[in-house]
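Trainee: Chain residues, written in single-letter form:
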Amino acid sequence: MKLIKAIIKPFKLEDVKDALSEIGVVGMTVMEVKGFGRQKGHTEIYRGSEYTVDFLPKTQLEIVVDESIVEQAVDVIIKTANTGKIGDGKVFVIPVETAVRIRTGETDSEAL
Amino acid sequence: MKLIKAIIKPFKLEDVKDALSEIGVVGMTVMEVKGFGRQKGHTEIYRGSEYTVDFLPKTQLEIVVDESIVEQAVDVIIKTANTGKIGDGKVFVIPVETAVRIRTGETDSEAL
Amino acid sequence: MKLIKAIIKPFKLEDVKDALSEIGVVGMTVMEVKGFGRQKGHTEIYRGSEYTVDFLPKTQLEIVVDESIVEQAVDVIIKTANTGKIGDGKVFVIPVETAVRIRTGETDSEAL
Amino acid sequence: MILRFCLKSVFAIFTLALMPAIASAAGHESSALNSGDTAWMLTATVLVLFMTLPGLALFYGGLVRSRNVLSVLMHCFAVACLASVLWVVCLYSLAFSDGNAWIGNLDHMFLKGITVGELNGGTFPETIFIMFQMTFAIITPGLIVGAFVERMKFSAILLFTTLWLILVYAPVCHWVWSGNGWMFNNGTIDLAGGIVVHATAGISALILAKMLGPRTDFPKRIRPPHHPAMVMIGASMLWVGWFGFNAGSQVAANEAAGMTMLVTHISAAVASLTWMVVEWLKTGKPGLVGIVTGMVAGLATITPASGAVGPMGAVCIGFLAGIVCYFACGFVKNKLGIDDSLDVFAVHGVGGIMGTILVAVFGVAAFGGLSDHAIGAQLFTQAKGVGVTVVWSGVATIIIVYICKAVTGLRVTQEVEYTGLDQEEHGETSYNFE
Amino acid sequence: MILRFCLKSVFAIFTLALMPAIASAAGHESSALNSGDTAWMLTATVLVLFMTLPGLALFYGGLVRSRNVLSVLMHCFAVACLASVLWVVCLYSLAFSDGNAWIGNLDHMFLKGITVGELNGGTFPETIFIMFQMTFAIITPGLIVGAFVERMKFSAILLFTTLWLILVYAPVCHWVWSGNGWMFNNGTIDLAGGIVVHATAGISALILAKMLGPRTDFPKRIRPPHHPAMVMIGASMLWVGWFGFNAGSQVAANEAAGMTMLVTHISAAVASLTWMVVEWLKTGKPGLVGIVTGMVAGLATITPASGAVGPMGAVCIGFLAGIVCYFACGFVKNKLGIDDSLDVFAVHGVGGIMGTILVAVFGVAAFGGLSDHAIGAQLFTQAKGVGVTVVWSGVATIIIVYICKAVTGLRVTQEVEYTGLDQEEHGETSYNFE
Amino acid sequence: MILRFCLKSVFAIFTLALMPAIASAAGHESSALNSGDTAWMLTATVLVLFMTLPGLALFYGGLVRSRNVLSVLMHCFAVACLASVLWVVCLYSLAFSDGNAWIGNLDHMFLKGITVGELNGGTFPETIFIMFQMTFAIITPGLIVGAFVERMKFSAILLFTTLWLILVYAPVCHWVWSGNGWMFNNGTIDLAGGIVVHATAGISALILAKMLGPRTDFPKRIRPPHHPAMVMIGASMLWVGWFGFNAGSQVAANEAAGMTMLVTHISAAVASLTWMVVEWLKTGKPGLVGIVTGMVAGLATITPASGAVGPMGAVCIGFLAGIVCYFACGFVKNKLGIDDSLDVFAVHGVGGIMGTILVAVFGVAAFGGLSDHAIGAQLFTQAKGVGVTVVWSGVATIIIVYICKAVTGLRVTQEVEYTGLDQEEHGETSYNFE
Ligand SMILES: Nc1ncnc2c1ncn2[C@@H]1O[C@H](COP(=O)(O)OP(=O)(O)O)[C@@H](O)[C@H]1O
Ligand SMILES: Nc1ncnc2c1ncn2[C@@H]1O[C@H](COP(=O)(O)OP(=O)(O)O)[C@@H](O)[C@H]1O
Ligand SMILES: Nc1ncnc2c1ncn2[C@@H]1O[C@H](COP(=O)(O)OP(=O)(O)O)[C@@H](O)[C@H]1O
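If you read the sequences in order, they're chains A, B, C, D, E and F. All residue numbers for the first sequence refer to the numbering used here, where the first residue is 1 and numbers rise by one. All residue numbers for the second sequence refer to the numbering used here, where the first residue is 1 and numbers rise by one. All residue numbers for the third sequence refer to the numbering used here, where the first residue is 1 and numbers rise by one. All residue numbers for the fourth sequence refer to the numbering used here, where the first residue is 1 and numbers rise by one. All residue numbers for the fifth sequence refer to the numbering used here, where the first residue is 1 and numbers rise by one. All residue numbers for the sixth sequence refer to the numbering used here, where the first residue is 1 and numbers rise by one.
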């Protein structure tokens, strides 16, 4: 199993979620994060003074999936989250050794 | 060392934390997340219109532990966080290569 | 590639970010978390009653970097985030198998 | 109504509050300043401004997504400032100078000819009357904000508001509340703005929402209110401010103001509970946003009638407001499919129109009312007033929207809409909690 | 007290504000409307409503967990609406119609017989007196909300409030403020509700909290206030609104109202600083929630005394309020182990009772007071009033709680309590920041 | 000015509102209580307190980082309580008892000699005058809070405020508004505090900010306002409250109060729009924080002039306020490099001083004003008043800061500054959302 960690633009969340559902990914965990990268932060100007906002709001998805569909899932995310503009985000894949469903104690593939 | 990532119902946090303390797990990092899974979101109704809330509030714990107590820790989490109802959450185990305590520079087991 | 997960004191964020930039780390994802560890929570007193606050506000950085600079990056974080006081936080290193830049589809080192 | 009530007040005060000796001298005293009335009108003016800033702004701001809350506050604030300036420039003159039955003249542009000592034909200074009425011209376009949140261009909003105040608000205000207005003179009852405020805003909101088109993803993925507590704070401020709105429209601190306050409050309370119960029955849960919406419906509905009905009439009006407006919300969004986002038409439009009609019934003595009209004839008068106002507001709004489309464009781009107006249109972020 | 002060006011006004010629004719003029008094009473009514909506609601809402904040706002709002309707239905009649020394009659049910022109036996319309007093009947059960937050069923709250208003509030209000009431006639001093409002609410809160049981995890895992800024906003609204509460209870815009405003303010300021200093000494840090709680304590304590003490009396009362209520909070929660969650008893109950007793002392001229009673006798009168009220409120509350237990059940399930009342009871989420 | 206007008011009321018969008897009646004036002054007092609590507190609180918001609210609240107590102890006596041209005496310490029946030489009770003026003494040091947020020690703030009120506020207030004051008697125009409130606070803020030093990381890493909606709520409360501030300073519910309200409002609206447009042109985006700052600038600037200018004068003043204060903000922070964190000097200081000068121009009839002074001479009088005040405030502030440095120390440590004052100084956390 792998953990797919995807950092995307916040307004793409719904689209990505729907697209993943379509390929059978039924679970994910989402968090609001702040991103720093090539896409530089902006300045906000208040009363004639500039304030640098280094971090941009991003949304991070964490999805644990079976080996077998990792690639497909990553593809779907990339396709759906893409706007072609800087700051679209990243997808990372990380190994997972065990998964357990708390409710039933089922493990691994069955836990997802 | 392993990273245990547990997604649980928010009101179980205190219980899980206490149970982990009892088995000697003295550190963890917690974040509020939004979950999507089998437990379907609910609808909120405002002024006669339905609003679908797809994501449910969940709490995610991240705990890095020594190999030796991974299993025990996972067991404790599962037992404590269980309510038997859908949406109880998941536990994932992820390999960790290094751990360092910032204050002292101690590494690995000693850093925990 | 590795995922460096650093849990630090919130007011150290800017310094760490700047220090990392200096060694060429140009991307990271940041989230507000609550920490539990050796540094015990505090009590807040309202109207003569004590309230125990177990969890302390921490900031977590997630940075995916090339194998080659992991060590340097970890060092920089440790040095910058250090205050010498309890609760300075931890750095964990976790293996990453793939990285993709959503905008271009570039992978691995090129995606960072 | 206001001027008429003024005259009444003058008499009331001289008959009741002062002694016979004065009353006999009342002939040349009729425009004497009464400090009690003046104190109340100063206060009422403050209260009505408070309704918009920050009341209405918060009520609306809490209902949108967190990425658009500042834009809503900005709309309300900028509209308030704009309306104030326009009021001074020409609106007051258009609305309240003599002119003809349809519109005032431009004699008082830039408040020309207003002196500090002049009374408003009643018992308090003209300057306060100007201010009091200005607060109505502030809140009315403010109400329309609810129709276009989360998607309309800021420049378009400013242009729309300017034209709307001139083409819709000023004339209708003149019709109903100026001594020369045709509704004023045909006996239309509208104490505090069922027609002038709520009907005009409600209809224009509906049409603007339709022409603007719904928020992208409406109705599938629209988000619940981001901050119901903010909605409740705003609503509470509307409630307390509304006493200035209605009881202030009696333009005196007198018996009529007292009864107006009482019936206003009763309608609000009854409508709140009614809405709550309906929601409880329909959805299984009584919600905070629901109960406060019921409150607004109750207040909007009693507004035109609050000078003419008694406590029991207020109970009936509140009850009807709670039920009818509840279902109107669902009807507009789900049946008509119009994204009148914050239900301006369903709550204010429907409420204001309903109250304007109902006053013909509950205003008569048989129903505990204080007016002496004949139900049938008055029903006709009221309906005519509403009808003409609806048509006028509707047609004018359509024209104004076309002008805005041509001059500024109406909507932000979809990307701006997604990222949020706060960031894109105003360069600010709403909640920077770290 | 109010009616008594009314009469005083009438005289004050005629003697001071008008000329001899009128005074001589005062016999049949005694019920003439005074527009200044009317203006102030309209305003005071607005201020007292503002205390509850949104003042008290925010003060309480900020103190609970974020998952229950909407439920608290809902409690306050629904209670306000319910009290308003009940006031019209029967409470006003029970409290203020003649009846006997213990309770009014039902002559004015549904406000039967109230006409627009009627004055309240004083100088402003009866309708405003009805409204003004209604706002007291709104805030009193609102105060009790603090005792049962985060765990009581919404249906039980509505039932409790209904019964409590009828069985406790209406009679005690009649005893103290109606011309026929036994405390009114035995010279008990309670200008604005130390007995009627704070003692009744405080005692009932304590007993309800005890019978309801503590929040699960009390006191071990109870969370700090989720939003101290919200607490402060609410508290500030309480402060400004309290001028309507106390100075409004003089039922005239006169000298007495001025002094009442002054001593009210002084007590609030002194109590705030006192609490702050005590907290600073005890915990090492002066907190925001603390200082504003001190303010509420100072205001509750001066309430019954605010018509009878002078500035120096207010300083003493404020000082005592700050200290005594501070320690009372800890005592109830830690020593008695009662989860009177938001310290209704310790702040309002203790404060109101203390002020009711202290007025016997600080009200006399020797202490700069304005009253001419004998300390000893008055102490007895005041204590008797408090004692009877405490017993009556306590017993009635016990009975009402049993009724609620039987009819609706009292508490939500533990799961609902954990998930939060906002979601479970009202179907809403408080902060949807994305 | 106030007392002078009092006398005017008395005459106005007797001439206009009452009948000849009374006017002739006015000789010994001149201190009769007028219930309408009293009602308005009670209300105005409430409004001005509302400006500080919670208005100003929120306006400032929303502008800082989330880790310091509670500390700002605490500063405003504690300063308000402290100023209230000091007012009773000695400030009122120093400011308003006879004394000499420079300072009052101590005859009324602890409000000695104030009786309930005494009028303020005008038409309402002295007690209300004490309260009304107290609210000015509350808000003025409150304004200074904006200069030192996020870094000053709480104990130092309390000490600074105490000394500042005694050494700066009390004397300047005496100069301008006491019947014996030298500016009062040389005809300086300052209706509601361009000199007394805004110039003193603005200058002292600038100097304190300079001496305290900037926030660590200023200007590089300073954070944008953490909660612009909170800023807007506070600003709106300032707007509505300002009517009490300015129109209340006419100390009567009369024609002058009406005109004052009108010009106050116009200036606020025009300044808001002006600022918005300037910001739009300069940065490409019209922001919420900007427009409400423009509003405050417009209000501060019209404050001294609001009793003397007409509507067109108000338009000009508002326009200048919007432009000049906008650029002043950037000038202080970027050119002078002083971290006057929330722009107290640029908005209040510059605005108040500018208004005090401009009234000499726009107050004359040629510009639609109501005053009959000669522009040149009046310009000199106004400038002299401002000049002396600036020097006095500046020097006194420097001395006070040295005292504070010695007694309590000025700043928190850098670690405390980083962690936030909420946690470190007050032991609280602002937003506990879970
Ligand atoms: N090395 C990294 N490690 C973790 N997160 C990263 C890294 N680089 C970028 N990110 C995340 O991805 C987001 C987008 O990256 P950015 O470089 O701005 O644009 P792009 O994805 O188009 O290259 C950042 O805001 C940050 O949240
Ligand atoms: N594949 C997954 N990857 C990551 N998180 C998941 C995944 N599936 C579920 N989750 C998380 O676990 C929570 C509970 O899952 P859900 O399927 O609703 O119920 P259950 O755990 O009872 O099967 C979800 O809300 C989500 O946060
Ligand atoms: N085993 C762990 N797994 C995950 N996070 C941890 C762990 N131990 C500590 N942390 C995080 O590191 C923070 C600091 O740890 P703590 O033990 O308090 O101090 P120190 O780092 O000085 O030893 C904690 O607040 C928590 O967020």
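Since the hints were derived computationally from the structure, they do not count as laboratory data. For each residue, glycine too, the CB sits at the ideal point set by N, CA and C. Incorrect hints may have been included.
So the derived label-pair ranges between C-beta atoms look like this [said to hold, decoys possible]:
{"#": "1", "chain 1": "E", "residue 1": "G394", "chain 2": "F", "residue 2": "I403", "range": "48 to 56 angstroms"}
{"#": "2", "chain 1": "A", "residue 1": "E67", "chain 2": "C", "residue 2": "E106", "range": "21 to 29 angstroms"}
{"#": "3", "chain 1": "E", "residue 1": "F331", "chain 2": "F", "residue 2": "N100", "range": "50 to 58 angstroms"}
{"#": "4", "chain 1": "D", "residue 1": "L336", "chain 2": "F", "residue 2": "N334", "range": "34 to 42 angstroms"}
{"#": "5", "chain 1": "D", "residue 1": "G284", "chain 2": "A", "residue 2": "T107", "range": "34 to 42 angstroms"}
{"#": "6", "chain 1": "D", "residue 1": "Q414", "chain 2": "A", "residue 2": "T107", "range": "39 to 47 angstroms"}
{"#": "7", "chain 1": "A", "residue 1": "E71", "chain 2": "F", "residue 2": "R221", "range": "39 to 47 angstroms"}
{"#": "8", "chain 1": "A", "residue 1": "R38", "chain 2": "E", "residue 2": "T408", "range": "54 to 62 angstroms"}
Trainee: I want to verify a distance hint. Is the separation of the beta carbons of E/F331 and F/N100 within 50 to 58 angstroms?
Mentor: Check passed, 52 angstroms falls within 50 to 58 angstroms.
Trainee: For the pair A/E67 and C/E106, does the Cβ-Cβ distance stay inside 21 to 29 angstroms?
Mentor: Holds - the Cβ-Cβ distance for A/E67 and C/E106, about 23 angstroms, lies within 21 to 29 angstroms.
Trainee: Check the following: the C-beta atoms of D/Q414 and A/T107 are separated by a distance inside 39 to 47 angstroms.
Mentor: holds (44 angstroms)
Trainee: Holds or violated: 48 to 56 angstroms for the Cβ distance of E/G394 and F/I403?
Mentor: With a Cβ separation near 54 angstroms, E/G394 and F/I403 satisfy 48 to 56 angstroms, so the hint holds.
Trainee: For D/G284 and A/T107, compare the CB-CB distance with the range 34 to 42 angstroms and indicate the outcome.
Mentor: holds (37 angstroms)
Trainee: So the hint says 54 to 62 angstroms: do the beta-carbon atoms of A/R38 and E/T408 match that?
Mentor: holds (60 angstroms)
Trainee: When you take the CB atoms of D/L336 and F/N334, is the distance between them in 34 to 42 angstroms?
Mentor: violated (53 angstroms)
Trainee: Would you say the C-beta atoms of A/E71 and F/R221 sit inside 39 to 47 angstroms of each other?
Mentor: holds (42 angstroms)
Hint 4 from the list above is the single one not met by this structure.
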